[in-house]
Every structure is written in structure tokens, then in C-alpha cells.
Amino acid sequence: MTRIALPTLAAAVVTGSVVGVALGAGDGPGDVTTSAQVASGVVTGSTGSDDPAERRTDRPADRSADRSAGRLGDRKGKREAAERLEDRRQSISRAARRTTLVEKPQAVGKRFTTRAVNVRVGPGEDHRSLTVVEPAVKLPVTGKMRGEWAEVIYEGAAVWVARSYLAKKKPQAEEAAEGAPDESTHEHTDESTDESTRVTVGGVSTAPCAAGSSIESGITSAAVTVYRSVCAQFPSITSYGGWRGDGEHSDGRAIDVMASGALGWQVAEFLRANSSSLGLYDVIYSQRIWTSDRSAEGWRYMSDRGSTTANHYDHVHVKVY
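Using this note's numbering, count along the sequence shown one by one with no gaps and you end on 321.
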């Protein structure tokens, strides 16, 4: 009979049990724990569960590595986003610099304004007026033309004015101020004949106008006298406007004399010179107004109304009391 020392037997029994438990813990080849692993102490904790998630390793070192990797990823993503934003800013900045480059207008000569003239952003009355330049002002010109409009340089910018109000020579002071011959050139006669003949007393005429009497319908007798007086003084003018349902024309006390340029100024000055005998309230022409109650101020500039007709460049407006 072989005798086995009790300590040796106990160790064998214990070792065998541990190995048996280790061998029976898994369901497959990957779950087998060898006796060598048991002996070396490399045995993972197993609960015998079938859930692989419950058998995964969850050591502190692994969690620390995961956090480090996450932080590195976040920093890399932020850096890439910042680089993309900087590239975009530089692209926008370059585009902005390109769009702000504006060619400076070059002058090829100069012209003088002959009348108060609107300075517009484009070549046409439909373009916005920036300001009104007074007569006898020197303006550099670029040489560009668009129909009746010329490009000039005003306060360093390229703008447009009507060509008809530009001249090579500076106009005389009185021409720039009034645009009409001296009042001494107006000849007034004292005649008295039948109604078919012109009767002129200090510029006032009562003779019927050769241009017709259709506009006399709807206007007051004082307005009729103004119409006949202008007709007698300026027989070349054949177009007039009388009553209409708006503005100062609605009460029959105003008429329009269809004249422009120098002829228009002659009419305007004739009316102003005879304002007392004709009983005039106001005269408007070429964006300027004269009123009897402020006669000492002479012609005053009016705000821009947008078009040639609205600004009274193509007709003289006159109203009686």
C-alpha cells in the first residue's frame, strides 16, 4: 500500500478542482483556461454568463487609453475646423479686395455749365439726381457720351449731365444768372387800335392770340390777359397749356408757355418784368421759381422733381392772383 503525505494529497485535490472548474467554465475553445494559466495566476474573472459583454475586459488602463484617444480626436477635429474657417476668411477677404477696386475716372477736357443742371448717376432722366450744379461751374469731362448726356467728373466721381447745358467757354455772369438778354432789349409800345390789332401797354396785351383761344376756356380773365400778352410778345410760340385738374392749374389761375432754352428765359423774364401790371403770383422755369412776395430774392432754386417737365425745363409756368 502506497502512502501519500497528506499535504501533497491536499494540494493535488485543490489543484485538480481549480483546473476542473477552469476547464468547465467555457463553452468553446476560446474559453478554455489551461493549467499553466492557472499556475501563473493569469485567469480572467468569469461568471459563467453567456453574454459576451459581461466577459469583456474593463481595466482602468483601457479606460484611460480610450479617454486619451477621444481627447486627441477632439483636438484634431477642432484644429481642422479652425483651419477650414481661416481658409474661408482669407478667401472672402481676397474677394472683398477685388470688388473694391474702382477705376478712377480720367478727364480729357473741361466744360462749363450754362444753366443750373442736375447731376445724375446715369445718362437719363430716369436716373437719380445727386445734386444741382449752378451756372458757370467748370466740370472735367471724360469724353463719354450717351445720346443727349455727357459723362463728367464731380467731386472725384463719374456722373452725367445734359449735354445741352455744357459749353466750352465760361458764360458771362448775367447770362449764367438769368439766361436771357438784358431787359432793355424788350421793346414796349403804347398803341390803341381795334381789338384785332395788338394793344400793348407796358407789356400787357388784350388782343386775341393768333395761336387760338381754346385754352381760354376754363381760366380766369386775369390768366387770359397773361396768355394774350405772352402771345403778342412772342408770336413764334404756338403751344400753351391751360386748365387741368391738378396743382395750380385746377382753379384756372395758371397757364403753361411751351418754350425752352434761351427763349424760355426770355418769356420768364418778360413775365417777371411785367408782374405788377399782369398781377402775377409766381413764375417757374428751369427748376427755379420767382414769387411776387419774395421778389427781392430773385430766382430761387427748387428741389429736383425727377423729370424735364416736372422741373419746368421745357415750359414756363405762370400763375396770377
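A few of these clues could be false.
As the list claims (entries may be wrong) - Pair ranges (Cβ atoms, derived):
| id | residue 1 | residue 2 | range |
| --- | --- | --- | --- |
| 1 | R89 | G298 | 55 to 65 Å |
| 2 | V121 | D293 | 33 to 43 Å |
| 3 | V121 | G77 | 45 to 55 Å |
What the hints assert, rightly or not - Under the rule of at most 25 Å between Cα atoms (straight-line distance), these lysine-lysine pairs were calculated in the BS3-like manner:
| id | residue 1 | residue 2 |
| --- | --- | --- |
| 4 | K110 | K138 |
| 5 | K169 | K138 |
| 6 | K104 | K138 |
| 7 | K110 | K170 |
Everything labelled a hint here was simulated from the structure, so no lab data went into it.
Values in this document were obtained by computation on a predicted structure and should not be read as measured data.
Cβ coordinates follow ideal geometry from the N, Cα and C atoms, glycine included.
These are the hints, each one checked on the structure:
Take R89 and G298: their Cβ atoms lie about 59 Å apart, and the range 55 to 65 Å holds. At roughly 36 Å, the beta carbons of V121 and D293 sit within the given window of 33 to 43 Å. For the pair V121 and G77, the supplied restraint of 45 to 55 Å holds, since their beta-carbon distance comes to about 50 Å. Using a Cα cut-off of 25 Å, the hinted pair K110 and K138 holds, with the two alpha carbons roughly 7 Å apart.
For the given pair, K169 sits about 9 Å from K138 by alpha-carbon distance, which is consistent with the 25 Å threshold. For the hint linking K104 to K138, the alpha-carbon distance of about 19 Å falls within 25 Å, and the restraint holds. The straight-line distance between the Cα atoms of K110 and K170 is roughly 10 Å, inside the 25 Å bound, and the hint therefore holds.
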